[in-house]
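Number of protein chains: 4
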Amino acid sequence: MPAAGRHFLQIPGPTNVPDRVLRAIDNPTMDHRGPAFGEMGAEVLALLKQVFQTSGPVIVYPASGTGAWEAALTNTLSPGDHVLMSETGWFASLWREMAERLSLHPEFIPGDWRRGADVAGIAERLAKDSSHAIKAVCVVHNETSTGCVSQIAEVRAAIDAAKHPALLMVDTISSLASIDYKHEAWGVDVTVAGSQKGLMLPPGLSFNAISPKAEAARKTAKLPRSYWDWGPMLAANATGFFPYTPATNLLYGAKAACEMLLEEGLANVFARHDRHAEATRRAVRAWGLEIQCAEPKHYSSSLTAVRLPEGHSADALRGKILEKFNMSLGNGLGQLKDRVFRIGHLGDFNDLMLCGTLSGVEMGLRAAGVPHKEGGVQAAMAYLAGNA
Amino acid sequence: MPAAGRHFLQIPGPTNVPDRVLRAIDNPTMDHRGPAFGEMGAEVLALLKQVFQTSGPVIVYPASGTGAWEAALTNTLSPGDHVLMSETGWFASLWREMAERLSLHPEFIPGDWRRGADVAGIAERLAKDSSHAIKAVCVVHNETSTGCVSQIAEVRAAIDAAKHPALLMVDTISSLASIDYKHEAWGVDVTVAGSQKGLMLPPGLSFNAISPKAEAARKTAKLPRSYWDWGPMLAANATGFFPYTPATNLLYGAKAACEMLLEEGLANVFARHDRHAEATRRAVRAWGLEIQCAEPKHYSSSLTAVRLPEGHSADALRGKILEKFNMSLGNGLGQLKDRVFRIGHLGDFNDLMLCGTLSGVEMGLRAAGVPHKEGGVQAAMAYLAGNA
Amino acid sequence: MPAAGRHFLQIPGPTNVPDRVLRAIDNPTMDHRGPAFGEMGAEVLALLKQVFQTSGPVIVYPASGTGAWEAALTNTLSPGDHVLMSETGWFASLWREMAERLSLHPEFIPGDWRRGADVAGIAERLAKDSSHAIKAVCVVHNETSTGCVSQIAEVRAAIDAAKHPALLMVDTISSLASIDYKHEAWGVDVTVAGSQKGLMLPPGLSFNAISPKAEAARKTAKLPRSYWDWGPMLAANATGFFPYTPATNLLYGAKAACEMLLEEGLANVFARHDRHAEATRRAVRAWGLEIQCAEPKHYSSSLTAVRLPEGHSADALRGKILEKFNMSLGNGLGQLKDRVFRIGHLGDFNDLMLCGTLSGVEMGLRAAGVPHKEGGVQAAMAYLAGNA
Amino acid sequence: MPAAGRHFLQIPGPTNVPDRVLRAIDNPTMDHRGPAFGEMGAEVLALLKQVFQTSGPVIVYPASGTGAWEAALTNTLSPGDHVLMSETGWFASLWREMAERLSLHPEFIPGDWRRGADVAGIAERLAKDSSHAIKAVCVVHNETSTGCVSQIAEVRAAIDAAKHPALLMVDTISSLASIDYKHEAWGVDVTVAGSQKGLMLPPGLSFNAISPKAEAARKTAKLPRSYWDWGPMLAANATGFFPYTPATNLLYGAKAACEMLLEEGLANVFARHDRHAEATRRAVRAWGLEIQCAEPKHYSSSLTAVRLPEGHSADALRGKILEKFNMSLGNGLGQLKDRVFRIGHLGDFNDLMLCGTLSGVEMGLRAAGVPHKEGGVQAAMAYLAGNA
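Heads up: the sequence lines are chains P, A, C and D, in that order.
Here numbering that gives the first Met the number 0 is used: position 15 in the first sequence is 14, and no number is missing along the way.
Here numbering that gives the first Met the number 0 is used: position 142 in the second sequence is 141, and no number is missing along the way.
Here numbering that gives the first Met the number 0 is used: position 225 in the third sequence is 224, and no number is missing along the way.
Here numbering that gives the first Met the number 0 is used: position 173 in the fourth sequence is 172, and no number is missing along the way.
Some hints could be false.
Straight-line Cα separation of at most 30 Å, DSBU-like style, residue types lysine-lysine; simulated pairs [what the hints assert, rightly or not]:
id, chain 1, residue 1, chain 2, residue 2
1, D, K254, D, K319
2, C, K221, A, K218
3, A, K254, D, K254
Covered stretches of chain P (chain A as the covering partner; in silico rule of three or more C-beta atoms under 8 Å from a C-beta of chain A) [as the list claims (entries may be wrong)]:
id, segment
4, 47-58
5, 73-84
6, 234-243
7, 249-263
Derived by calculation from the structure, the hints in this document are not laboratory data.
The structure displayed is predicted, hence computed values, not measured ones.
Even for Gly, the Cβ is constructed at its ideal location relative to N, Cα and C.
Throw the hints in and build the complete structure from the sequences for me.
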């Protein structure tokens with residue numbers, strides 16, 4: 000029997016794409032070398048700078064976020080370079096794997112997947128690196144596999160305190176436009192982002208916001224690169240164009256999405272996400288379940304990963320919720336496989352969508368026979384109604 | 000500040016139009032006299048018969064439901080004809096007004112707006128009408144202003160018991176494709192319907208399903224008619240065409256919507272609506288509020304009208320909910336103005352949309368200072384989870 | 000084998016709906032009684048006034064153009080009233096039939112379907128009507144069946160010269176927003192229009208622009224009316240709302256379409272149509288075929304009807320063109336059945352679409368074995384290139 | 000003044016995206032790890048095989064065609080490997096540049112940009128390469144900058160005749176689904192393609208169809224790769240999924256586009272393109288202009304590049320045509336800058352769109368003062384009408 004009503008897409012990305020963005024995307028493709036494109040391209044690039052909170056360039060790739068990781072590394076580094084990474088979870092681990100495949104030498108500060116990046120560990124390692132073997136510090140801002148946020152300003156301060164010249168690279172794939180993030184003010188050199196989360200777009204675009212220092216590093220970086228090379232991008236972007244055919248229709252959507260974010264106001268967007276995250280955590284606690292993130296100051300505002308009691312399968316729960324309540328939740332990844340489920344509460348989202356989402360979880364826990372207390376939705380509503 | 004996320008359109012129609020229907024509607028308009036149109040037209044007309052549960056013709060007007068009321072009357076009646084109507088609420092009253100404006104003579108059996116049509120009253124009046132002055136009995140199946148359903152099969156039985164030749168006309172504007180309705184099996188002569196409720200379309204189409212007896216009545220009916228005349232419609236519809244330019248793009252949508260309903264199965268569609276209505280009533284009772292419909296066997300499965308405690312304004316509550324929770328609810332009409340609000344739970348709808356909706360009401364009651372008990376959403380979830 | 004590429008919809012309406020309008024129409028339906036609707040409704044109504052070139056009200060019906068004909072008559076006239084009509088072609092004849100069905104008494108000045116309304120005949124009849132039996136003069140501005148335009152300002156002058164109080168009603172269904180038309184400056188009392196021609200919308204909306212004199216006539220007009228009644232419309236429209244559920248999604252489209260027309264500028268829109276019509280006529284002459292309109296000052300700028308040589312079937316030609324070249328052309332209606340085909344060159348249209356259209360006709364004439372000379376497209380291009 | 004009517008996008012890609020594809024793309028994004036995605040993914044991958052005419056795997060990247068070039072090289076080759084390339088034009092030159100940037104050693108057989116790949120030159124070089132230093136032969140099937148087609152089956156025969164183990168890689172970016180191309184039957188090892196040409200999609204997807212030999216080469220190839228690595232792709236694709244977030248909405252479009260191509264039938268699609276190309280060449284000859292492709296058996300069926308008379312600027316002509324006739328044409332690239340313009344006649348295209356296109360060129364030549372004879376459109380029509 001086909002499912003009636005609107006599917007609840009509550010994975011931590013791709014998120015629910017607003018109708019305004021979908022309608023933008025389905026406009027006829029235009030000549031990517033004509034004057035109308037140049038105007039549109041320049042507009043999109045300018046809008047993106049506001050969203051990344053930078054006055055510098057933002058590179059747009061027709062690619063998934065994974066591509067933007069690769070671009071960050073290949074544009075700035077040379078084979079054998081050491082990069083310092085912090086094990087925040089599955090995505091930090093994948094980024095490390097990529098660095099290895101690209102012939103870099105990642106140093107991985109171990110973590111327990113229950114908090115953000117280990118700033119003290121980073122500081123300690125940099126302090127010892129008097130030869131400056133480490134060329135970059137790579138941190139995942141919001142670890143999508145765990146719902147833990149790293150303190151980027153603190154990482155910056157640690158690098159500065161060590162007077163270390165390493166570049167700071169930050170993955171904001173599931174935080175940009177959901178959790179406050181200041182590329183320029185925080186002194187980030189390369190910010191990596193994707194379209195399908197807080198930016199409210201379908202997947203297919205990814206981004207590098209870059210600092211002058213990163214741009215300079217490109218000139219000596221020896222990793223081979225062609226598709227990802229910033230050089231031709233920066234040159235063509237200067238007039239609103241791209242060196243190869245861009246994903247025109249997704250750019251239409253990017254324009255619409257940025258306009259929506261700026262109309263709402265970034266501060267309001269971030270406050271909305273904070274509020275929904277707090278309501279979600281109150282629901283989780285009311286159910287008597289455990290939040291994967293163990294450090295309150297690292298709580299993510301874009302998703303919440305929830306641990307299941309021993310002996311219960313998160314995937315069985317998710318399957319039941321999909322079947323009975325037409326909602327998709329995020330699965331556990333890597334060492335968290337089947338141990339957690341993840342509730343995405345980011346993107347184009349509001350109070351009643353959240354209540355519907357939490358209702359689906361609460362009814363799903365019951366349907367799947369997972370031990371819990373009732374009252375999670377009630378707790379969330381009490382918070383939302385008091386703070387509306 | 001613009002509202003984020005999807006608006007909850009929970010008035011009892013127009014309802015949330017599914018993406019599949021919207022995508023159908025935005026296809027290029029075609030030649031309404033070309034062969035491809037004829038094929039499409041014939042398909043839509045055949046599908047509609049299934050939805051109306053009839054083997055006879057269904058006429059489609061480019062018009063609102065109000066137009067289909069007018070069509071029902073003008074095709075079958077003559078100036079001065081008596082029509083027997085039952086005061087179920089605001090829409091029954093408007094239909095009576097229309098009958099008067101069209102120079103008919105409506106007899107209106109009074110009602111208290113808290114139950115369906117007064118079948119005993121209808122039976123009694125028909126029994127007395129030995130001269131057969133009454134030419135039609137007009138009943139609203141689902142009174143959208145009150146959430147009360149009339150028992151059409153009983154009305155039919157009453158007419159038959161009286162051996163009265165009056166036509167039976169039924170307004171199913173807010174019940175078709177939501178609440179079980181059998182045009183043919185119940186012996187209805189003219190069924191009036193609209194596109195924007197259970198049919199999951201935008202407003203702009205309305206319908207008359209007609210019996211052979213109604214078709215015969217047209218030949219002697221003297222009310223002037225042109226736009227609404229069934230004659231040219233039936234002739235042109237025979238080959239899938241229309242006598243004047245039809246609302247082509249809405250017909251694309253009608254095809255998609257009927258296909259969706261039949262894929263789900265009408266029985267499943269009705270069961271889904273019954274279930275959501277029961278969950279809603281449990282929420283209302285948990286809040287300690289009163290359901291406008293006072294007769295359980297007349298409860299509507301497409302909407303629930305809820306009475307506010309004395310001294311509280313339903314419109315203030317609705318305004319607060321729209322402002323804080325981005326949800327539209329139905330207002331009180333006529334004598335119920337500001338006394339009730341109406342929750343639409345019909346159309347393309349599912350459990351989590353309902354939970355979001357009820358959450359919005361519960362938080363709104365709190366925000367607006369309307370006395371109530373908490374736990375409505377909890378009660379609804381208990382029912383839904385047990386019955387999912 | 001499915002047809003590749005875009006269909007050429009070159010009937011004289013429905014016309015090619017621009018993507019911007021289709022994208023507007025497929026937005027989610029909103030609450031037609033909520034504040035956002037009121038704002039949108041007021042905007043649409045204000046924009047429409049500009050398109051009709053009037054400062055007075057424009058009524059919008061969820062209905063085909065045929066409905067707006069009926070509305071014009073029923074709001075202003077009483078049973079038995081004489082109306083003076085001029086036989087310009089098929090649509091004037093249909094309007095007359097409608098008047099008869101509505102119990103009016105139409106007087107029909109005969110015509111040969113090859114020119115606009117017979118202004119002298121109208122003047123003559125009015126001069127004789129010293130008792131003012133004639134209550135309305137009804138004229139089709141652009142006769143869609145023939146491609147002949149009536150001179151509305153001259154009709155107005157004739158009425159004035161006769162000092163006759165009859166209302167002036169004009170059908171602009173296939174001229175509005177294509178051929179210059181000034182409701183107010185020309186002293187028209189009721190203008191009838193539809194959505195699916197120059198307004199670039201799908202079918203489903205129709206319009207009455209009304210003068211204060213027409214509005215006053217409503218108060219004494221005795222034809223029964225309910226759906227079409229201006230009274231409740233004017234009252235509700237004052238705040239941007241409608242007395243019954245409007246065709247919300249088509250109104251979204253109407254807003255977009257009016258904005259497009261005003262961005263281009265009405266004068267530019269009219270000039271564009273004039274130019275394409277002249278190019279089309281040059282093509283027709285080059286082919287050695289005859290234009291149905293025999294009076295150059297009555298040439299239509301929205302369509303051109305073309306006569307076929309004796310012994311050749313226009314419908315066979317149209318069928319061939321549809322089959323081989325994926326283009327729909329208009330058929331001959333009434334006495335012109337199978338004698339003419341009609342080329343629509345109105346709406347969202349440009350030079351290259353016209354050249355494609357004329358190429359389809361020229362190749363179709365050849366494929367169907369209709370005697371003609373080559374060079375029609377060449378002649379059109381010579382004109383367009385010289386005037387571009 | 001905004002341009003009325005539909006823009007003619009007649010660059011050789013991106014092409015006019017059909018409404019059916021655009022409507023598919025604007026459906027809500029789904030969970031890329033859920034069961035519904037797996038089904039859809041498997042369907043798309045199976046459909047693509049049919050379009051590439053292969054029983055082997057087709058890899059889909061969220062990327063431009065440029066990315067698929069890079070993927071072909073990095074998956075199969077090691078630093079310093081020799082690759083044999085043939086200078087067919089601008090895109091062959093760019094591919095060579097990319098090979099250099101990736102630390103390969105391209106050998107470039109010079110060409111005059113007026114014919115397809117130099118098969119004799121390839122044969123000759125391979126014959127001399129007894130040490131098998133050459134690891135791959137890379138050929139552009141349809142050189143988008145010149146409108147010349149390379150004979151892939153002949154290249155295959157040359158490699159076989161030389162008994163040379165080099166891989167055969169073919170760029171079909173502007174030929175796939177427009178010009179007959181048989182990945183498997185022609186023994187191609189890696190086929191490179193993009194979404195925005197014959198596949199009728201917006202840009203943003205690119206493809207590698209691969210042979211077992213290519214797949215085997217991956218195991219020893221030492222170029223660093225991560226994003227482009229076939230390994231994880233093949234593993235995930237086996238169940239319809241992707242190793243990183245795919246461009247979901249473009250995949251919806253890919254499904255619709257493949258279905259359209261297969262409904263029409265590939266043979267019909269190719270014949271349609273051949274016919275439009277021949278009509279275009281007849282127009283060019285009638286104008287007295289020169290076709291860039293000097294070798295008739297190398298004529299492209301997807302685009303025609305046209306040389307301007309000495310002293311005339313192709314870019315000025317294109318600018319005039321865009322301004323006056325709302326049509327985009329392709330510009331001259333590299334050594335052909337300002338010397339040629341390119342007419343794209345590929346993708347979702349039909350006879351009347353072609354006639355409109357050629358009319359725009361003919362009127363543009365006149366408007367721009369480029370010496371030419373009239374009659375190009377006439378010549379094209381004569382051919383099309385005779386062959387329709």
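Now the hints, each set against the structure:
1. D:K254 / D:K319: 37 Å, violated
2. C:K221 / A:K218: Answer holds: K221 of chain C to K218 of chain A is near 24 Å, not above 30 Å.
3. A:K254 / D:K254: With Cα atoms ~22 Å apart, K254 of chain A and K254 of chain D stay inside 30 Å; holds.
4. 47-58: It is violated: at least three residues are needed, and the segment 47-58 of chain P offers just 0 whose Cβ sits closer than 8 Å to chain A.
5. 73-84: Per the Cβ count (0), the hint is violated.
6. 234-243: Coverage by chain A is violated here, the residue count being 0 at a Cβ distance below 8 Å.
7. 249-263: As far as the segment 249-263 of chain P goes, the hint holds, because 3 residues have Cβ atoms under 8 Å from chain A.
Going down the numbered hints, you'll see the structure goes against 1, 4, 5 and 6, while the others check out.
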